[in-house]
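The chain contents come next:
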Amino acid sequence: MASTVAFNFRYGTSILHRLDPRVKIIFLALISLSTLNAGSVGLLALSLLFAVLAVDIRLPVSKIAFELRYFGVFIFFVFITRCLTEPGDPFLTFKFITVTEQGLAEGSLASWRLALVIVMGLLLSVSTRPKEIRTAVEILFGPIPFLPEKRIAVMIGLIVRFIPVILRLTREMSEAQRARAIEQRNNPIYRASHLVLPVMRRIVDRADRLANAMEARCFDENRPTPPLKMGLADWRAMPVVLSVCLLLVLA
Amino acid sequence: MNIIEVRNLSHRAVDGKLILANIDLAIKPAEFVVVAGANGSGKSTLFKHLNGLLLPSEGDVLIDGVAVEDDFKRARKMVGMIFQDADSQIVGETVYDDAAFGPENLGVPLDEVRELVTRTLELVGLSHLKDMAPHLLSGGEKRRLAIAGVLTMKPKILVFDEPFSNLDYPGIKQVLLQMATLHRSGHTIVVSTHNLETVYGLADRMILMQAGNIVKDGCFEDLLSSVEEFGIRMPEATRLGKKVQPWLAQ
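Chains A and B supply the protein sequences, listed in that same order.
Under my numbering, the residues of the first sequence are numbered 19 to 269, in order.
Under my numbering, the residues of the second sequence are numbered -17 to 232, in order.
Bear in mind the hints are in silico, worked out from the structure with no lab data behind them.
The structure displayed is predicted, hence computed values, not measured ones.
Any given hint could be a false lead.
[Unchecked claim] Taking lysine-lysine and the BS3-like style, the derived pairs with C-alpha atoms no more than 30 Å apart in a straight line are:
no., chain 1, residue 1, chain 2, residue 2
1, B, K10, A, K168
2, B, K(-1), B, K136
3, B, K55, B, K138
4, B, K55, B, K10
5, B, K138, B, K10
6, B, K198, B, K112
7, B, K55, A, K81
8, A, K168, B, K55
9, A, K168, B, K30
10, A, K247, B, K112
11, A, K168, B, K136
Whole structure, please, built from the sequences with the hints as guidance.
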């Protein structure tokens, strides 16, 4: 199933595994913001850093690349959109479609940035237990007034848990409809509505049963959170991340 | 003293339809009771009253002498419920997290939770999978995780709502083994199932339900020959006048 195994936590002792999840989330936010206007030098440096971290985590790169192939389609869509919409010197013209040199450059950079953000999310999720991500979110949102941090943390936990279930429901429903020749229908709206509505109905039904199951196990929003501790590795990682951010912004 | 006592319980759905009608039921500690009946006979609705997921329109439900409505937390701690669809019951992001969900809600200190979860996962044979995402487990493993999820709350009563649905033969045997172990350790077991052969040799008593009523209540073996009139298949061996072979002995 696409993107359900790739983002799973993998037990390990890599540098990323040793970092505090709060620090990792802050790093992720800082690097994501820094990549917004990053050039090719900065992106290359970040790509090298991620490659080293991926080797350190021992990610099965080819398997994960296969599982994330649908993200590739999305990235390609971003690339094509930028190629066609960016004004500049024509590189290729076919009838009313013009691909500009600036569009090619911008499209490449935009899709590179997006790919790196996806890889960053992947590195975070494979090196951090979901429970620790939930706890870190709860702690980081804690000081912000009017934000129900515990509820947000529970919601994040449930999303992580139920995305694979929803994907499986969708796949089952899609297969059942293909078995009854839905592909013979050319109207995409007809096809989408006959997939989305039953899937939504099943998801709502699941949510109802989930609520029952949580209530049966005495669900309480104020559950204890596991203690998180910052260590030497977090402090050592800080200058590296800040240098990378500076490089991304300035280079 | 009865551990479960249901007195004159009636339940109406939101549309006014009568789902349960004047149910009277008493279950003693450490009994193994099978509740059987056709779909829509009211088994799941009855079960949901045992820990306050549904409240009676009329009547009372008492767990170990205390009305469920008077103390929901106590009722839910005492009555562990394993639902038909394990996927909807498992809420944790990993096997460990799911098993820890109940005791964490009850405010058990984290050190104790860790010890409790480790012991329980060992008991159900899932300790080697503690870091795995639940959706990657097999059907039998998911059902065992659902059992572990309620066992960590140290319930005295375990209610299984059609625990064998969608399971293969090894999966059913794994769940049966857990049930037998729990029953031997003194837990009260209440199970609903359409396949009576599976619980043969474990169950002491059978309650047959039809259209929201209890129509028969008696010794499991004695009632086997009369189940078909209530929409449940009689074990083939019983039909042939032979003794049913318990699944765990096979």
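Status of the hints after comparison with the structure:
Between the alpha carbons of B:K10 and A:K168 the distance comes to roughly 41 Å, so the proposed pair goes past 30 Å and is violated. The suggested pairing of B:K(-1) with B:K136 is violated, with an alpha-carbon distance near 35 Å, which exceeds 30 Å. Between B:K55 and B:K138 the CA atoms are separated by roughly 14 Å; this keeps the pair inside 30 Å, and the hint holds. This hinted pair checks out: B:K55 and B:K10 have alpha carbons roughly 21 Å apart, not beyond 30 Å.
Proximity of B:K138 to B:K10 is assessed by CA-CA distance (about 11 Å); at most 30 Å being required, the pair is judged to hold. As the CA atoms of B:K198 and B:K112 are separated by approximately 43 Å, the hinted pair breaks the 30 Å bound. Distance check on the hinted pair: B:K55 and A:K81 sit about 46 Å apart at the alpha-carbon level, beyond 30 Å; violated. Taking the CA atoms of A:K168 and B:K55, the gap is near 21 Å; set against the 30 Å cutoff, the hint holds.
Taking the CA atoms of A:K168 and B:K30, the gap is near 28 Å; set against the 30 Å cutoff, the hint holds. Distance restraint check for A:K247 and B:K112: the Cα-Cα separation of roughly 22 Å lies within the 30 Å cut-off, and the hinted pair is therefore satisfied. Only pairs whose Cα atoms come within 30 Å are accepted, and A:K168 paired with B:K136 is accepted, the gap being roughly 26 Å.
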